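Novice: Listed here are the chains, written in short residue letters.
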Amino acid sequence: MNQETAMSKLRLRNVAKHFIAPRTGQLTTAVTDVNLDIETGEFVCIVGPSGCGKSTVLNLIAGLDTPTSGTIEANGAPIVAPGADRGVMFQDYALMPWMSVHDNIGFGLNYGTPGEGLTREQREKRIRHFVDLVRLNGSEKKYPHQLSGGMRQRVALARLLANGPDILLMDEPLGALDSQTRLILQVELLRIWGETAPREQRKTAIFITHDIEEAVFLGDRVVVMSTHPGRVKAIIPVDLPRPRSEHIRADPRFGQLSDEIWDLIRDEAYRAIDGTEAPAGPKATAVEKVE
Amino acid sequence: MTMNVTNHRVPEQGVSRAAGVDDPASSQRSEPDAAPALPTATKPGAIRRIVSTRAFIAVRSFAAFLALWYLLAAWVGNPIQLPSPLRVAAALISLGADGELFDHALISTTRLAISLVVAVLLAVPLGFFMGLSPKANAYLDPVVELLRPISGIAWIPLGLFIFGVGDVLPVFIMVYVAFFPLLLNTIAGVRHVDGKLVNAARTMGVGRRAMLRHVIVPAALPTVMVGFRLAFAGAWAAIIAAELIGSPSGLGFAIEWYRQLLMTPKVYGFIVVIGIVGYLCDLALRALQRWLTPWAEGMELA
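As given, the protein sequences belong to chains P and E, one line each in that order.
Using this note's numbering, the first residue of the first sequence is number 1, and each one after it goes up by one.
Using this note's numbering, the first residue of the second sequence is number 1, and each one after it goes up by one.
Derived by calculation from the structure, the hints in this document are not laboratory data.
Computed from a prediction, not measured in an experiment: that's the story for all the values here.
The beta carbon of each residue, even a glycine, is placed where N, CA and C say it ideally should be.
Don't take every hint at face value.
To be verified - Coverage of chain P stretches by chain E, computed from C-beta distances (three or more under 8 Å per stretch; other residues unrestricted):
| # | region |
| --- | --- |
| 1 | 65-72 |
| 2 | 82-92 |
| 3 | 136-148 |
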């Protein structure tokens, strides 16, 4: 156990975050008692109903926010500020609207620490490499407002990867896309993450989503969170083989895992809708199928 | 996405679609009610599009305005008070022919340009400073709020006393007038920079200087440009007042000069020129805005 935690890429210990409402002064607990160990090359998905503090956890790891109590360590060192070693992909992409695709992808390389010590040619080469990787050739000169949601998402992904981060933090990056684009980009994301490469060569990824099937499809483990206050309810290992294709959804094990996670969430999901309890009776498999 | 853009840019298309021209199902369903819509629907699309363009609408409204003016002038019957548009047009032509019109217009627009440059150099850096530093804002904001409601025109008598009659007074008044919208919009632009963009830059290890130059400045630029257009509008209104009293040249001076000579058509001629030059400058500024901040089109409406 000790040996294992010593190897952890990311370690969260008893992390809690409280917010104080500016006017009322009311204290709200966004998350509490979060303990999480994430290994190098692991793909961890976090699911949970809205308001469970998924994004808070991600912001804490990114260093955009500091925990009220508890510790967060990356590679054994405490996280105190944002850094390019932990790349973030934001929910609405956060692309610079005044920059072309090319310049957006090169933003960190040109103006941030990832480009330090690189010549102009080296940076250009790297930008071109990632333009190719996310298949945006021919769109380099376009601006974000001229792109479809799927293309913007690719730009954000290329920007994230071009900075060469050690850890990928993704906050519902596919949330705004239609379901078909989403399925395609899920496969693509796994390809880019390095699914076919040996585990040590893969990036470490944390992926927030509200879509259970997406979490099962992508993740090595799925962290299920619950609300009031935000807590880790369960951690489900996903024992599906890699590399995964779209067809893995037809695997009975895929359904079992999704169902298991849905059962962990459903009560709160129902309460979140209208405050009513989930219908009693057998497992809500019917609801699951519809979803 | 592309669909959305086209719909947004060419509203006429959306209208024709909504009228059920291309949609047999909807026109069948609403046949009894469709009668009033039919004449427009049978009109050739090209003519309808031209008739409904903004330019054509402007021409029509302008024609109505001139007709009203003509009738009013005929009713008043005193060309010293209200000459007819035809007399004003004749005065304009003669002013244009001897170059006087362009001389005065050029002097006024040069003063305007100088004032705007000075105002930008003063207000924009100060706006960034106040927008970025809450402390600076706390100290400076009361002074700004005290001075802001004072009309630029209130300073004209004092300016006359200090600067005398000449170029400096109108420039001073215009800088004063242009300063506040530029300052306040710059502060607002800096304060309302999307926090997500700043956070994104932070997670890419962007330092303070690069953050200012490559995130804050471009993100605030559209709002600054809105302030610039407001500054221009205020300055252009104020220059006439300043030149009426405190200048030996310029459009405002020319108005006062011809008023004293009771040459009313020329007075109206210069007033028309003020409107036209202002309109052309605003068009130029809009073009500048589109060129500088192409990503922020339609932002000023928000």
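Novice: Honestly, which of those hints from before does the structure not fit?
Specialist: When the structure is compared with the hints, only number 1 turns out to be violated.
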